[in-house]
Every structure is written in structure tokens, then in C-alpha cells.
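*Asks:* This is what each chain is made of:
Protein chains: 2
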Amino acid sequence: MGEYLARQRRRVDECLKRYLPSETEVPAQVHQAMHYSVFAGGKRFRPILALATAEALGDEERVMDFACALEMLHTYSLIHDDLPAMDNDDFRRGRPTCHKRFGEAVAILAGNALMARAFWLLARPRNEAATEACRLELIHRLCEAIGTPRGVIAGQVVDLLTQGKPYTAEELRFIHACKTAALIEISVAGAAFLCGAEVAVEEQCRKFGRKIGLAFQIVDDILDETGSEQEVGKTLGKDRVQKKATYPALFGLESSRREAERLVDEAVAGLEPLGPRAYRLVQLARFVASRRH
Amino acid sequence: MGEYLARQRRRVDECLKRYLPSETEVPAQVHQAMHYSVFAGGKRFRPILALATAEALGDEERVMDFACALEMLHTYSLIHDDLPAMDNDDFRRGRPTCHKRFGEAVAILAGNALMARAFWLLARPRNEAATEACRLELIHRLCEAIGTPRGVIAGQVVDLLTQGKPYTAEELRFIHACKTAALIEISVAGAAFLCGAEVAVEEQCRKFGRKIGLAFQIVDDILDETGSEQEVGKTLGKDRVQKKATYPALFGLESSRREAERLVDEAVAGLEPLGPRAYRLVQLARFVASRRH
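Residue numbers (the working numbering), protein chains in the order written: chain A, -3 to 289; chain B, -3 to 289.
If you're looking for bench data, these hints aren't it; they were derived computationally from the structure.
As the structure is a computational prediction, the values presented were derived from the model and not from experiment.
Hints should not be assumed to be uniformly reliable.
Any copy will do: because identical chains look the same in the list, a pair fits if it lies in one copy or spans two.
[Said to hold, decoys possible] Keeping only pairs whose Cα atoms sit at most 25 Å apart, straight-line, the calculated DSS-like set for lysine-lysine is:
1) K239 to K161
2) K96 to K161
3) K203 to K13
Okay, chain A solo, but in the shape it has when bound (with noise of 0.2 Å):
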């Protein structure tokens, strides 16, 4: 598995490399940015789960892509999120967060340009299997996915407003499944999606990625209590000083270990259907529940 991932990795960034301005190209400073936040040691956990089901259901290549374009979302709201008006971090993988590092004025726009790149990347004129209204749609939804008002940003928006409140259950299911599932959810049905799969599959594609991404957001909560700062390579223990709607405070470590279990469980079961090819999605469901940063 350590291997898969290794080389999924290196696919991953290579291509990454590709699809992004170059340091050198004026304005460099903001292109010198968006490097240093994409190159930062990133786990590509969404583009190798998009890559995993193009694996189980067609051909990898279609979704490459897609992959990249993942990622640069991902980076761009890890970057929005570390502003000091935000969750103002000064580390993320072991490194001075992107606006320590250039200032906050092109952290900022270092995020937005890669948004705009993303969806640079999906609508680039090419010749290839996936038609032009399957990426047009898969545009679409990928917008719905980061946005308001079950996106991300709408996600962010709760998780930041319920700082230091009271807060219930169901707010905090709902940060979870915007801030994070969506954007994994994608992941996994927007694969199947290009790849042309059946309604049925690409339903329960995203019945797995809704699982896991919930999975993994417990994961993270769970690891901000308990984890080793070497390994996470960010600051620990903030959610608890910033008093922010999490698992572990609602529900106790325990209970919450349990939950996150549950969900990957329940997600490789629905996968049975899909037999033996979904042998690299299985992994990465186990994955999400043993991860240790």
C-alpha cells in the first residue's frame, strides 16, 4: 500500500508540475506560492481516490485531469483557511503556512489563482473520451462541491461562526459533511462520472466518498487531540484553545474512534457490488481510518 500510494504520488505531482505556471513566470511571487503551498508534502489523498476509482471502473488517464484539479482546490482552501483572519496557522506539513511565508496579501491570491487553474485545467480544449457536456456538468458539481450552500466555504463558514459557542450535533455533522466530505464525495463520484459509469455505481461511488470523507474529518478531529505534531506537522490541540465544533469534544475520543470505524465499515461494504476491482478504494478506506497524519 505504502508503495501505491508512493507512485500515485509522484503521477500526481508530476502532472501538477505541468498544469501550473512555472516559478520563474512573472509574477513569480504568487506562482513561487501557489508552488510552495501544491509542493508541500501533500498525502494527494482526493486525486489518488479519483484515480483509484478510474482504476475500478475505466481508464486512469481520463480522470488525470480531474485529479490535479482536486488537489488545487484542496491546497487553494488549506491556504484561505490558514490566514490569521481564519484559523491562523503558522504551520502545515512542518512548514511556515503560505502566508508566513509570502505575505498574506498573495497567500490570498495564490488560493483564488488556483481555483481559477482548476477550472482552467477541466475546461482546456482536448481531444479525448469525456465529452465536452460531461466535463461542462462535472464543472458543475465540483462548484457545488466547493461552494455555498453545501460546499466547503459553507462548511468553513459554520465551522468558523461556532467557535467558542454552544454548538449541536447536527451543526457539527454539517461542517463535516461540507468542509470535508464534499470535496472527497466529489472525488470519488466525479471519477465515476467521467468514467461513464452506470447511475447505479456512480451512486455508489458517492455513497463511499460521503462515508469516507466523513470518516476523515473524525480522523482529523481525533488527531488534533491525540496525535504526535511530528507526524501531523501542524500545531495540535488548537481545536480544543479555539474552542471549535469537533467529534472528540461532542462525543469523547472513544466514541468517536468508534464512529469514524463505523463509516469506513459501512463505505467498503457498499463497495461490494463492485467486487474485486475495488480492491485500491478498500485500501483507501482503511487507510482513512488508521491514518496517523
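On the provided structure of chain A, position chain B as indicated by the hints.
*Replies:* Chain B alone, transformed into the frame defined by chain A:
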């Protein structure tokens, strides 16, 4: 002309209202911030340009989504531009800026949500004349116009990094071309493209857009020096205080006025092949040179 502008503004506003999530939808704060900034009394110059181009070449209805997407993108860039880390403006169009009213975090997220919403709108499934391939290419080009290395974001980066430093005429032109002209150019060229204009006509439209876009920013720079705060609706004289790269600072007011007029004259002359159909575009070009806010 005043009545035409008011009528078009109302049409654009009605559509914008339909295409944004409602203000009451959860999470309401971000949707309120989006409405607050989108409906802050903007001129709708870019959407009206797109509609006027469509009126000259084809069918206005065909570009209405595009027109609204342009305004969402323009508003997102204004919200972010006003942030403390950027231009640090407290007022825009006579009202507190988005971050003054909703806080920085929500303002950043509202800007991001508007960008996502613009592409959501352009990519939404619909049965209409412009083919999917055409809309996909439009998204690609629009991303170039708002992104890096030659779009709005690139212009903002150089604008910020030249503040308080010596700058060349070349850098100033880069800022104007990217920060302002790129989006105005695509407003005209994109509308021509959506209307299925011949390549030569689209190119005439592109050049027209570029020229009035450059003139627009020169007039903006002039108004910051000489305008009435009440008419412009924001704190003026800030360019000089922040030591920004501007036309009047580098070339003087008189020379800047002449340059804006020259650009508008050239833009209008370039539309001659289109004949009387281009009537509204000519009026809009003249409006750029004469505007007082």
C-alpha cells in the same frame, strides 16, 4: 443613455438575484455577505458590455448567464481587494466594505463563494443555443482572464508589490492590462464568442474591449486624484498615500486624460466594420471616458 443603463442594470440585477443562493439559506451569513456586495449599487458595466455586444451580434438572452458570471467575478475581486491585507478599504460605493460589515473571514469566504458560483452558473445544465464545447472554452478563457499569469490576479499581485517602490511604465501597463482590462476584454470577446461571431469580428470585439478596459483603469486612477468622494463612493487620494503605480503619478493628469480619450477613440474606430449595430458599444465606450464614478 441613462435610461438604457438603468434598464439593463435592472435586467442584470433580476437575474443575479435568481442565480445567488437566497439570503436566508443556511449558512445565512455568507449568503448575506454575497448579496450585500453584489447588490451594493454597482454600475454592472461588464454585464452591460456583454449584453451590448450580444445585441450587436446576435441574441442578448444567449449571454445573460455569462453577464451575471462576470459580475460575480468582478464582485469577488472587489471584496478581496478591499481586505486589510490588500488595499485596506473601509468604504465602497458609499457603504462599509464587506469585511467591515461581516468580518474578514466571512468576506474572504463570500468572495470565494462568488467565484465558485460564477463557474457553477456557466456550467449549469441547460438546453440552449450555445453548445457545451463553446461554454467549456468560455470557462477556460474566463479563467485565464481572472487568473495568472496574465489575468486579474496577476495584475493585483504586481499592483501590490510595486506599492511604495519605483516602477516602470511597462509594469504600470501590465497592472492595467491584467487587473482591469482582462475582465473587460473578455466581457466583450466572450459575448462575441457565445454569439458565434466570425473570428475576425470576435477579434475586433476583443481589441475594443482591451482598449476601453485600459481607458477604464486610467479614468479610475484620475478619479482617485480628482473625483468627488460623494460621487465615487469611496475614500479617494488613497493611491497617492499608498504610493500605488498609477497613470497620473507616472505621466501626469493631462497626459492621462489624453491617453484615455485616445484609447476610447481608437476603440470606437475599430468597431466601424460592425456598422450601426455597434451603436450601444460606442455609447458605452464614450461612457468610460466621461464617467465620474
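*Asks:* Now tell me if each hint is right for this structure.
*Replies:* Evaluation of the provided hints:
1. Taking the shortest alpha-carbon separations for K239 and K161, only the intra-copy value of 8 Å comes in at or below 25 Å, while the best inter-copy value is 42 Å.
2. For the homomeric pair K96 and K161, the shortest alpha-carbon distance between copies (22 Å) is at most 25 Å, but the shortest distance inside one copy (28 Å) is not.
3. In the homo-oligomer, the alpha carbons of K203 and K13 never lie at most 25 Å apart, since the shortest distance is 31 Å inside one protomer and 33 Å across protomers.
Hint 3 alone, counting from the list given before, is not met by this structure.
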